[in-house]
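Colleague: Next come the chains, spelled out residue by residue.
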Amino acid sequence: MREALLEYVDELTPAEAPPFEYVEHAARQRRHRRRVVLAAVAAVVVVIGGVAATVGLPRASEEPAGPETTTNSLDDGPPPSRFKVGTTVMVLQGEVGVMSATPVPDHPSVLMVSVGPGMGVPERCVPSTVVRILSQDNESVRIAAYRYTAVADQPETRHCRPSTGAIAVDLDLRTPLGDRTVYAGSSGQRAVLN
Amino acid sequence: MHDSDGDPAADVAALYRRTWPRLIGLLVSIGGSRADAEEVAQDAYVKLLGRWDSIRRYDDPEAWVRAVAVRTLVSRLRRQQVATRALAKLRGRAVAVEGPDGDALDVAAALARITPEQRAVVVLHHVMDLPVEQIAEELQVAPGTVKSRLARARQALAPLLTVKEVSEHA
Chain A
1 MREALLEYVD ELTPAEAPPF EYVEHAARQR RHRRRVVLAA VAAVVVVIGG VAATVGLPRA
61 SEEPAGPETT TNSLDDGPPP SRFKVGTTVM VLQGEVGVMS ATPVPDHPSV LMVSVGPGMG
121 VPERCVPSTV VRILSQDNES VRIAAYRYTA VADQPETRHC RPSTGAIAVD LDLRTPLGDR
181 TVYAGSSGQR AVLN
Chain B
1 MHDSDGDPAA DVAALYRRTW PRLIGLLVSI GGSRADAEEV AQDAYVKLLG RWDSIRRYDD
61 PEAWVRAVAV RTLVSRLRRQ QVATRALAKL RGRAVAVEGP DGDALDVAAA LARITPEQRA
121 VVVLHHVMDL PVEQIAEELQ VAPGTVKSRL ARARQALAPL LTVKEVSEHA
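As you go down the protein sequences, you meet chains A and B in turn.
Quick note: my numbering has the first sequence finishing at residue 194, numbered continuously throughout.
Quick note: my numbering has the second sequence finishing at residue 170, numbered continuously throughout.
Some clues are possibly wrong.
The following label-pair restraints were derived from C-beta to C-beta distances [claimed, not checked]:
hint, chain 1, residue 1, chain 2, residue 2, range
1, A, Ala26, B, Glu137, 25 to 31 Å
2, B, Asp53, A, Ala53, 39 to 45 Å
3, B, Asp53, A, Arg33, 19 to 25 Å
4, B, Asp53, A, Ala39, 23 to 29 Å
5, A, Ala26, B, Val141, 27 to 33 Å
6, A, Glu7, B, Ala35, 21 to 27 Å
7, A, Val47, B, Ala109, 54 to 60 Å
8, B, Ser148, A, Val47, 50 to 56 Å
Below, simulated DMTMM-like cross-link-like pairs (lysine to aspartate or glutamate); rule was C-alpha separation at most 25 Å, straight line [stated by the list, open to error]:
hint, chain 1, residue 1, chain 2, residue 2
9, B, Lys47, B, Glu62
10, B, Lys47, B, Asp59
11, B, Lys89, B, Asp106
12, B, Lys47, A, Glu16
13, B, Lys147, A, Glu7
14, B, Lys47, A, Glu21
15, B, Lys147, A, Glu3
Honestly, the hints are just simulated from the structure, not real lab data.
Every residue, glycine too, gets a C-beta built ideally from N, C-alpha and C.
Bound conformation, chain A alone (with noise of 0.2 Å):
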């Protein structure tokens, strides 16, 4: 039987070995495929992290303002209908009065709106009162405060403490207010400053 295998397996055995040049390029194929591999998983790796930090931030675009006191930017034009915060979406509710507005010093296109008492709603966490631009021109500024209300208990709210006093707002006019009548209310001529 030995004598048999061994025949056997002298027939099946050639005579040399083809070029070794032969592994070498295997062997960086192989090393190029293990690097495209390793590069396709850490591309990945870091969408799926870019994706997974991003979902949970809160959008810069759709927070018209920060908690209780901030200054108001690209505000022009009617309230949006609706605006989240993190995961807690905003719905508008209707339109609140403007008590007052006053000149910030040393910042003369700012006015610091006061508007009137909460209605229960976390403002400290989210906000829950804007205040827009309705219009302005030469002679007048027209604006106009909103609340909205959280569409539903979630997250951002959960710990919050009710907010129940006067709201102040910080309102950019990007011009500075000058002599101009400030009128509040998205209708009526109803003067909060002259």
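Model the placement of chain B on the given structure of chain A, informed by the hints.
Modeller: Chain B only, in chain A's frame:
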């Protein structure tokens, strides 16, 4: 043990040129096609090239390449057998064992009657003259397993190959 610190590629190339032909003969006799054998062998030498720093210290680097290649081929053949049987079951037909064509058809046909694991043990023992313990180490099985595979393979092959030898001498 080898302690030379020469060019790794040159050292592996020298080993490759010396050992590749016999490894191919071994792999084809275990049951692989020539293409399978060359692919498996190349994979083994590529691995050797990548790990030469540690493997060059072994007493017998050739044994490492052979072990890797034989194990890879045997597992590949086992998978092929499983797939072939599953396909035959699905089709409702019996599996026909095919041996390679050529002058050594009798030996090939005899080897085709035993499993790839048994073929590996028989060829390593009777052709490469490896002792049972080394075969067990290279195939990563127990020595008792090697012995039982060897016994079953001899039992299956003996009548076929003895008949051939008797008829040749007659």
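Colleague: So, for every hint listed, does it hold in this structure?
Modeller: Going down the list of hints, with the structure as the test:
no.: 1; hint: Ala26/A - Glu137/B: 25 to 31 Å; in the structure: holds (27 Å)
no.: 2; hint: Asp53/B - Ala53/A: 39 to 45 Å; in the structure: holds (41 Å)
no.: 3; hint: Asp53/B - Arg33/A: 19 to 25 Å; in the structure: holds (21 Å)
no.: 4; hint: Asp53/B - Ala39/A: 23 to 29 Å; in the structure: holds (25 Å)
no.: 5; hint: Ala26/A - Val141/B: 27 to 33 Å; in the structure: holds (29 Å)
no.: 6; hint: Glu7/A - Ala35/B: 21 to 27 Å; in the structure: holds (23 Å)
no.: 7; hint: Val47/A - Ala109/B: 54 to 60 Å; in the structure: holds (57 Å)
no.: 8; hint: Ser148/B - Val47/A: 50 to 56 Å; in the structure: holds (53 Å)
no.: 9; hint: Lys47/B - Glu62/B; in the structure: holds (13 Å)
no.: 10; hint: Lys47/B - Asp59/B; in the structure: holds (18 Å)
no.: 11; hint: Lys89/B - Asp106/B; in the structure: violated (28 Å)
no.: 12; hint: Lys47/B - Glu16/A; in the structure: holds (21 Å)
no.: 13; hint: Lys147/B - Glu7/A; in the structure: holds (23 Å)
no.: 14; hint: Lys47/B - Glu21/A; in the structure: holds (15 Å)
no.: 15; hint: Lys147/B - Glu3/A; in the structure: holds (20 Å)
Against the hints set out earlier in the document, a violation occurs for number 11 only.
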